[in-house]
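There are 2 protein chains.
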Amino acid sequence: MANLARTVFLVSDSTGITTESFSHSLLSQFAHIEFNFVHMRYVDSMSKAREAAAQIAAAGKEQEARPLVFSTLVDAELRRVIAASGGAWYDLFETYLAPLQQELQMEPRHVSGRTHGVIDDRFYTARIDAVNFSLQNDDGVSTRHYSEADIILVGVSRTGKTPTCLYLALHYGVYAANFPITEDDCLALRLPAALQRHREKLFGLTIDAERLQRIRSQRRADSRYASLSQCRREIQLAEELFAATRIPYLDTTTMSVEEIATTILNRSGLRKEARPAPAGS
Amino acid sequence: MANLARTVFLVSDSTGITTESFSHSLLSQFAHIEFNFVHMRYVDSMSKAREAAAQIAAAGKEQEARPLVFSTLVDAELRRVIAASGGAWYDLFETYLAPLQQELQMEPRHVSGRTHGVIDDRFYTARIDAVNFSLQNDDGVSTRHYSEADIILVGVSRTGKTPTCLYLALHYGVYAANFPITEDDCLALRLPAALQRHREKLFGLTIDAERLQRIRSQRRADSRYASLSQCRREIQLAEELFAATRIPYLDTTTMSVEEIATTILNRSGLRKEARPAPAGS
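Sequences listed follow chains H and X, in order.
Quick note: the first sequence uses the numbering used here, first residue 237, plus one each step.
Quick note: the second sequence uses the numbering used here, first residue 237, plus one each step.
Where hints are given, some of them may not hold.
If you want the ones that stay clear, here's a sample from chain X, every Cβ over 12 angstroms from chain H, calculated [to be verified]: (1) E298; (2) R426; (3) D458; (4) A462; (5) A497.
Chain X is faced by these chain H residues, among others (derived, beta-carbon under 7 angstroms) [stated by the list, open to error]: (6) L262; (7) A267; (8) T308.
Stretches of chain H that chain X covers, calculated by requiring three or more beta carbons in the stretch to come under 8 angstroms of a beta carbon on chain X [what the hints assert, rightly or not]: (9) 253-261; (10) 269-278; (11) 327-336; (12) 339-346; (13) 465-475.
For the record, the hints were derived by calculation from the structure and aren't laboratory data.
Treat the numbers as computed from the prediction; the structure is a model and nothing was measured.
Think of the CB as a built atom: it goes at the ideal place given N, C-alpha and C, for glycine as much as any other residue.
Given the sequences, and given the hints that come with them, work out the whole structure.
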C-alpha cells in the first residue's frame, strides 16, 4: 500500500532552482501522492547543514513514511551530513559528479554556485536590458524600437503576451515586444502599418474562447469585453488574420508561460539561449 | 590530457528547463572546458528522438571527444533511442525513476510534462496577476495598492529592483512592488510617507558604487547620475537610511536576479513558493 502523503525536503547550497525543477520533474510522475515541500536554500556551511539534517530527522520520527530529500550540494562534507539524516536521499552531485569527472578527465572545482561569485557582466546586462526593452515595448505602447526586437508577439487582449515577453527577456535575454490585435485590424484582414515592416518577427498567440472568457471575467466581470460571444469573435478573427498574413501562431490554452516561451524559442528558430547566471543549484 | 571543448546536447520532451539547470549546475564544476550547448526541446515522439540521436551521432563522428548528452525523457523508448546515439549520457528519469518507484511503492505515470495538459488554473492566474501587480506598482508610480503587496523593494535607481520584482512574480506568484529611494529621502533619514505604513514589507537593495556607476553609464553616459561620486553618495546615504529605519537589506553587487529573488524569499520568510506549471522537464 502506497503512502499518500510525503514531506519533501529540497536542500540547496544556492538558489534552489535546480533542486526544485529536478524534484518536481520526477515527482510529477507520481500521481495520488500529496507532496509537502520544504525549501532549504543557501545551505552552505556545516552548521546550516546540521540544522537542516536535524529538521529532516525530526520529520522522519514524527511521520509514518520517511521524508524524501532532494539536494544539490557541491560540497561532499555537507552531502554526508544530509545523507545521514535518515531521509530517502537523491543528490545530483553525488550521482553525476564522479562519472562526469571520469568522462572529462578533470577534477571538479567543488565550489558552489553561490560562492564562485563573479558575474558575467555582459550576460547580466543583456538580460536586464531585455527586461527594460519588453517593458518599453509592451502592449503596443511604442512601436518605434521594433527594428531592435528579436520577436514581436501579437494577439488579442489576455492571450499571455506580456508574461511571455518578460519570461523570454529574464531567462533568455530575448528582446521581445508585443502588440495587441484589435477587432478592426482583424476585420480588415491586414496588419497594422507598424507591424507590416516586421512581418518576419511576428508570432501570434491564440487561446480557446471559453478560457479567454474566464480570464477576462476575472478582470472585468459581466462586460462585453469578457462575454463569450465577443471572445469567440475576436479569437476567430485573429486566427483568420494570422492565416491570411501567414504569421506562425500558437494556441496557449493549456500552456504555462514557460511552455509558451520555450515553444516560441523552438519554432521561431531564435538562437538566443539561456546561459544561467552562476548560481545553478 | 583533458579535452578542452565539448559539445553538450540537452534533450527534453518538454520545455528543457530542468535539463538546462541540471546540466549547467554540474558542468559549472568543470572550469577550463568550453561547452557548446545544443538545445533540443519537445522531443516527444520516436521520429523526433531518432532525428536527435542522428544529430548526436554525427557530432560524435566529427569531433575528437564524444559529446555529452543530458536528457530528461519520461518515455523509456525515447530514452533508449538517445542512449544508443554514442554520447556520454546522463538522464534524470533513467537514474532516479526506479529508486523513487521503489521508495514510493507506486508506478510512475510515464507521462511527460507537456502532455498531461491540464493547467492548475488558480496557480496560473495567481502568477499572471502577480506580474500585472508588479507592472502596476513598479518604480513607485503608484503606492495605492501597497496593502496588497507581499513585499516592497526599496533602493536607489539601478540596483535591480524591477527585474527582481518580475522574477518573484513570474516564478513564485509573489506580489512585489518597488519604490526608488531618492537623495532627499536619504538626507532626511526618514522613509517617504507612503512607505512608513508598510515598514514590515520593506526590503532594501544596495550595490557597490563602482558597479552602479558602470550600470548607470550604459544608460546615461557622462551624466551626473552616472558619476562615481554621485553613485557613492546615494549608496552611502541609502545604507544609512536602511540602518536608521531598520530595513533589512541585501548587497546585489555579485548576484544574479535569481539569487537576489531567492535570497529575499529566504530572508523575508515569505511563504509563497514555486509550484512549477506542469512542464517540468
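The hints, checked one at a time:
no. : hint    : in the structure
1   : E298    : holds, 18 angstroms
2   : R426    : holds, 30 angstroms
3   : D458    : holds, 18 angstroms
4   : A462    : holds, 14 angstroms
5   : A497    : violated, 8 angstroms
6   : L262    : holds, 5 angstroms
7   : A267    : holds, 6 angstroms
8   : T308    : holds, 6 angstroms
9   : 253-261 : holds (count 7)
10  : 269-278 : holds (count 5)
11  : 327-336 : holds (count 7)
12  : 339-346 : holds (count 7)
13  : 465-475 : violated (count 0)
Hints 5, 13 from the earlier list are contradicted by this structure; the remaining hints agree with it.
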